[in-house]
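So the sequence shown is numbered by our numbering: it starts at 4 and just counts up by one.
Wrong hints could be hidden among the right ones.
[As the list claims (entries may be wrong)] Simulated restraints on C-beta separations:
id, residue 1, residue 2, range
1, Asp213, Asp77, 31 to 41 Å
2, Gly133, Gly257, 47 to 57 Å
3, Met159, Gly32, 19 to 29 Å
4, Arg35, Val280, 50 to 60 Å
5, Gly257, Lys282, 31 to 41 Å
6, Arg101, Gly258, 32 to 42 Å
7, Tyr182, Ser222, 37 to 47 Å
8, Ala256, Arg101, 34 to 44 Å
9, Thr293, Asn240, 29 to 39 Å
Just so you know, the hints here were simulated from the structure itself, not pulled from any lab data.
Just so you know, even glycine gets a beta-carbon here, dropped at the ideal spot from N, CA and C.
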Amino acid sequence: MGDIDISVKNFIKINSVFAQLFSQGVYNGMVRIDPDKLEELDTAAQEVVQSGDDGRLRGLERLRDVEKISKIFDGKAAFQVIMGVEGQTGVHYYMPVRCMELDAFSYSYQCRKISERAKEKKELRKYADGVPKGTKIVPVVTLVFYVGKEPWDGPMSVYDMLDIPDGMKAWMKYVAPNYRMNLIDVRHLKDEEIDRFEGDLKAFLLLLKDRFDREKMKSVVAMHKETWYAVSKIKNNKKYMEYIDSVSDEDLAGGVSMDAAWDYIEEIGKVKGEAKVNKLGLLLEEAGRTNDFMRSLSDMKLQKQLFVEFGIEQEN
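Input sequences plus hints: build the corresponding full structure.
Shown next as structure tokens:
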């Protein structure tokens, strides 16, 4: 797992972020999730399958990035749901199949555990398989959290991947069930979609935009370092990480105003930019290319080329 994947996973694990991803991002505000009542689950589920002509049983393991369970409330009743998130930095062209597979393993795991307990309590016949009649299992919902720079252009359902003649698609729906995928294309959300969120999740989404809306930032407060670390890794820019590391734990506990934070970050960028130009000037002077330096002050394209030539561009 790469640095970006780890940073995104740690960000998603924040309960307030996880709760909003599902309550607003998946359920469209139709249910309420209490962040304090989210319980993290072990993301490794072991399923035993039979494979090969030799009849031997082999283990097949599937891992989710983050998985939590909680009761959700729709205004009338509360019920439990298992919710899993798969972070993606690139477009995965069979992601609907992977989501279906992960959900199926979760359902299978639940049934197997119920069956094992039932056999121990002699609620099933000695050699019977399955679960007791009337058994209910917890619903499973998976969300793909995509942070790639390019818009998602992969399939959104298993049906998008099936090789079916156009004239047979309507018929196929009666015999082969579809499986739709839940997706949040993080870097391509519209402003009104971002406004549905708050706190660290909204801060994260705003910071990933190419252009910042200062008015929106004034009302946003973030409270977790993981938010800034994830943005730094995704944008490959250390200034976000450097900023949050300069904030004391006491100040962070009270919340960081995004508007004030951005002023500080812009100042860091300005100071670093000036330092890069000064370093370029010294190197060009040593190389006897003072004229190139003078030209670069008004020619940004040339300045960028010189940064690369002298190995300065990589210094974030």
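Taking the hints in turn, this is what the structure says about them:
no.	hint	result
1	Asp213 / Asp77: 31 to 41 Å	holds, 37 Å
2	Gly133 / Gly257: 47 to 57 Å	holds, 54 Å
3	Met159 / Gly32: 19 to 29 Å	holds, 21 Å
4	Arg35 / Val280: 50 to 60 Å	holds, 52 Å
5	Gly257 / Lys282: 31 to 41 Å	holds, 37 Å
6	Arg101 / Gly258: 32 to 42 Å	holds, 37 Å
7	Tyr182 / Ser222: 37 to 47 Å	holds, 38 Å
8	Ala256 / Arg101: 34 to 44 Å	holds, 38 Å
9	Thr293 / Asn240: 29 to 39 Å	holds, 31 Å
Taken one by one, the earlier hints all hold for this structure without exception.
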